Amino acid sequence: MKKLIIAAAVVFAGLQAGTARAAEDTDPPARDWSFSGVFGQYDRAAMQRGLQVYREVCAGCHSLRLIAFRNLEALGYGEDEIEAIAAEYTVVDGPDDEGEMFERPGLPADRFPSPFANPKAAAAANNGAVPPDLSLMIKARDGGADYVHALLTGYVDPPDGVELLDVQSYNLYFPGHLTAMAPPLSEDAVAYGDGTPATVERMASDVVSFLAWTAEPAMEERKRMGIKVILFLLVFTGVLYAVKRKVWAGLH
Amino acid sequence: MSEFKPTNPVIRWIEHRLPIFSFIDHAVGSGYPTPRNLNYWWNYGSLAGIALVILIITGIVLAMQYTPHADYAFDSVERIMRDVNYGWLLRYIHMNGASFFFIVVYIHLFRGLYYGSYKEPRELLWMIGVTLLLLMMATAFTGYVLPWGQLSYWAARVITNMFTAFPFGETIVTWLWGGYTVGNPTLNRFYAFHYLLPFVIVGVVFMHIWALHRFGSSNPVGIEADGPQDKIPFHPYYTVKDLFGLGVYLTLFAALVFFAPNMLGETINYVEADPLVTPAHIVPEWYFLPYYAILRSVTFDIWFLSAKLIGVILMFGSTLILFLVPWLDRSPVRSARFRPWYKWFFWIWVFDVAVLTWVGANLPVPPYLYIGQVASVWYFFHFLVILPLLSIFEPTKPLPSSIGEPVLKGGGASAAGAASKPMEKA
Ligand code: HEM
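Residue numbers (this note's numbering), protein chains in the order written: chain B, 1 to 252; chain U, 1001 to 1426.
Don't read these hints as lab results, they were simulated from the structure. Note that the structure is a prediction, hence the values are computed from the model and not measured. There's no promise every hint is true.
Straight-line Cα separation of at most 35 Å, DSBU-like style, residue types lysine-lysine; simulated pairs [claimed, not checked]:
{"hint": "1", "chain 1": "U", "residue 1": "1343", "chain 2": "U", "residue 2": "1397"}
{"hint": "2", "chain 1": "B", "residue 1": "246", "chain 2": "U", "residue 2": "1343"}
{"hint": "3", "chain 1": "B", "residue 1": "228", "chain 2": "B", "residue 2": "246"}
{"hint": "4", "chain 1": "B", "residue 1": "246", "chain 2": "U", "residue 2": "1005"}
From the structure, some residues in chain B lie toward chain U, with a derived Cβ separation under 7 Å [stated by the list, open to error]:
{"hint": "5", "residue": "136"}
{"hint": "6", "residue": "141"}
{"hint": "7", "residue": "142"}
{"hint": "8", "residue": "222"}
{"hint": "9", "residue": "226"}
{"hint": "10", "residue": "229"}
{"hint": "11", "residue": "230"}
{"hint": "12", "residue": "236"}
{"hint": "13", "residue": "237"}
{"hint": "14", "residue": "243"}
{"hint": "15", "residue": "244"}
Backbone N, C-alpha and C fix where the C-beta goes; we use that ideal spot for every residue, glycine too.
Same shape as in the complex, but just chain U:
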């Protein structure tokens, strides 16, 4: 890639004292060499970044009108919806923005699993990603409590109550609540965390991208680039591709925000919180349903461990296990394209997660309970048994000799010829 040489004197003056322009150029400009064969599944990382920015901006503006008090929170949100100019727009963008953030990050994560992006040398990049997911969950959970509707309140109560499964549980829960039940202090601390965590996420995203840039993106064939002919500069190729992806994303997002803004939400959250009336169905937001299904599928004590405690452990374990994936999957081949068995098991696992989502939306009674139990077992079985076994027994397909080979069907000489053109432009 070419050195960054600005011609504009102002930029040169600044660059000499603070090399910020070359920093940007190396991050997302022509100074960042990227594999030439990335497909559209590689768009989701930058989409996640933009989703995060949208959430932070709308969130800050909402905070200017929101009142974090148990007696006024619900009404202050309705005031935003009715009396604040474009308040309804801000709130619907923020609400649905969270859902879209999760959709995008889940796809991003599935992409990583399918193409084996977590393998050496990107283990830490992957683990930072899982950390981001955990932070996102904490942010989404605290945020959902703020409008102080029936589910806001009861979700907070049910989830914090999980800690009673641990030793000294009652004490822990009282400490979390700031009182003897979910109340105004709880709402206040959730608000404090909800405002804080997105900025922690921003910080961790920087580490994520830092780690990414150490070795650059992986790619759909999963072999490392072995020369400049395998790479193209990020700008303009991927900037324009990411922008196009963003256009598609925003169109779908706008369709939801403007025409079905409450589709992904639960109606009963439009009823103000009432500690005396327990809703018939307490369900979390859709993006937590698989975990909720796992939590509720444990209905029996094992030895001295209560069902509740096992459920809580498995629920957290279902995300934490992702940290171990680089070591559970020891296959030398990254991409599922060359792993005929793993490919199948990957899609079965995706289906399994879909089943868990569906079960999580239903009451834990037969047949949902049994389906949920089978799906929960499979979820862990996939990681703990299938992945290690595949690493040993799977007959993998031969890998192409270079990234260029499958892309430029001609191979060798013509690949070098075709690649040299854009390189000169860069």
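The shape of chain B in the complex, shown without the other chains:
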């Protein structure tokens, strides 16, 4: 039995090493997110500020194609607010009865429009690099929320001897360090409605809180349900153990 546990530990250590090796660059520092841990939940205020950062900064380059305006209900917005946010966007609809495509204000059922018509247009506008969609970003990179936060705050001057092209920036955490994304955040890039000072650090953690939700909108429900399921199973298994003992008692 002991040997088996050791063997299992070896396998898991191996898997661990396996995930770690992909990040041969600097590992992003682990942060304590409101949504980490068994009881972790999203921070509504941070997500609302993060939405603002996405809309005013990131949306210039990055799409968020899996998210519809109606989903913003989860951030604590009411129906009117969602309609108002949607209406600020123009979406292409159609064809109408004449067979023409037409533009109209966004509705809650619409998804966030993408900044570029297609990847080619996106690449053309960004010196050949396509800004990836952000909907699933937090689940799509090793390090998740920690990584994206580190990326957004990890721009530094290149070390001596590293030559940058005009269109490149040096980032401590981006794989290979040279990224086509210029530092997107700068002090007071947005003006928060709730008076929170818009430091780079604050904006980065807010937009990551928002993106953590876009990647895994069912997380809160999942964890709440999980706690109940586990509690039930523990009791249920305990009862089964007692029954097993009782049934087998006559044998030994």
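We have chain B already, so just place chain U with the ligand on it with the hints.
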């Protein structure tokens, strides 16, 4: 064991025309005599069965919302995660259910190796088990392609590409793909197989259990029962023990599904498949890592055989060799408890597989490459050399005279006395 005599008139009416109730009773009821000394390692067979049922049920429901098309598959999975009621739950159960299925079946298989369950007269039972493992691999591989993420796509490409190592390889691969690269026809056929194979597995599981019931379970001391005092009815003893095991299993499973559902997966599969962007690390799911390590540890051609071909042959060989184990291990003693040398070599082999798993997760560069090569050689050395040699040279320990002896420390008379009580109840 007692005859099956139902008292309920409805059951009697049905039983007379279709003896299904006695069939169930003989399969998993009081009519199936089981060795009294089975330990918890004997729980994994029934756990595998339940894992299979969980996968089939969640799989069918997922299929009701999934779209098998290269352009829509990724988004349809995200729709299941976001817009389908409890779709996230179904998908996480199915995804992690596959991992747990493999954990359970690997333990089940290791149990068989440790206790020598594959020996006469259970060789065919064992071989049906290896067949199940192969079918599971095919099912898991085709299933992993369906969400059409980056690794889905590239795993399909890398693995199918292995066939180019064989003569007429290009033709075979084009035929497998249904085109000149992995594309929509590939996804469609993988989906067809992924839906089909689990039901083939169900059929083969029935044969597995049929073969099992021919001689009944083996047991930790590995000697056959020599009388009714060595056996107890499956129900209620093992039904309740299996249920308790199931409770533990479900608790661990729920912890993974609800609190770390993506832990065993690769992040990059949340990026949609892109034929133009090769991921820096193409790794299979964890349960394929040992085979992957063996495949990649061959870096040299031998005579007219290319490194690639040898790698592919060894990779398949690592599983196929299990078919031969009943004949490679000729030791008359089944259980490792009485085989002092084999016991050590068994654990070294388990460690070797763990090392291969670890190597498989890393790039095939030094030192991983060399460690992988040593571990691959040992893997085969264990089966092809150690097992046959042990059969000849190992001094085995004396076997107990009966199953009851080590269980009921008193032995003889008291064993019969203690055993008679539950027998009456049955
Ligand atoms: C689809 C996957 C499988 C299912 C559902 C399954 C199911 C079962 C069940 C219910 C039992 C009886 C309970 C037990 O002994 O634990 C059993 C026994 C057995 N299985 Fe499997 N099995 C599967 C795969 C395998 C594999 C991959 C192997 C080995 C290569 C294997 C080899 C055996 C052997 C040798 C026994 C008899 C063990 C003994 O009595 O000592 N099975 N299986």
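State the violated hints by number, sorted upward, taking the hints as numbered earlier in the document. none
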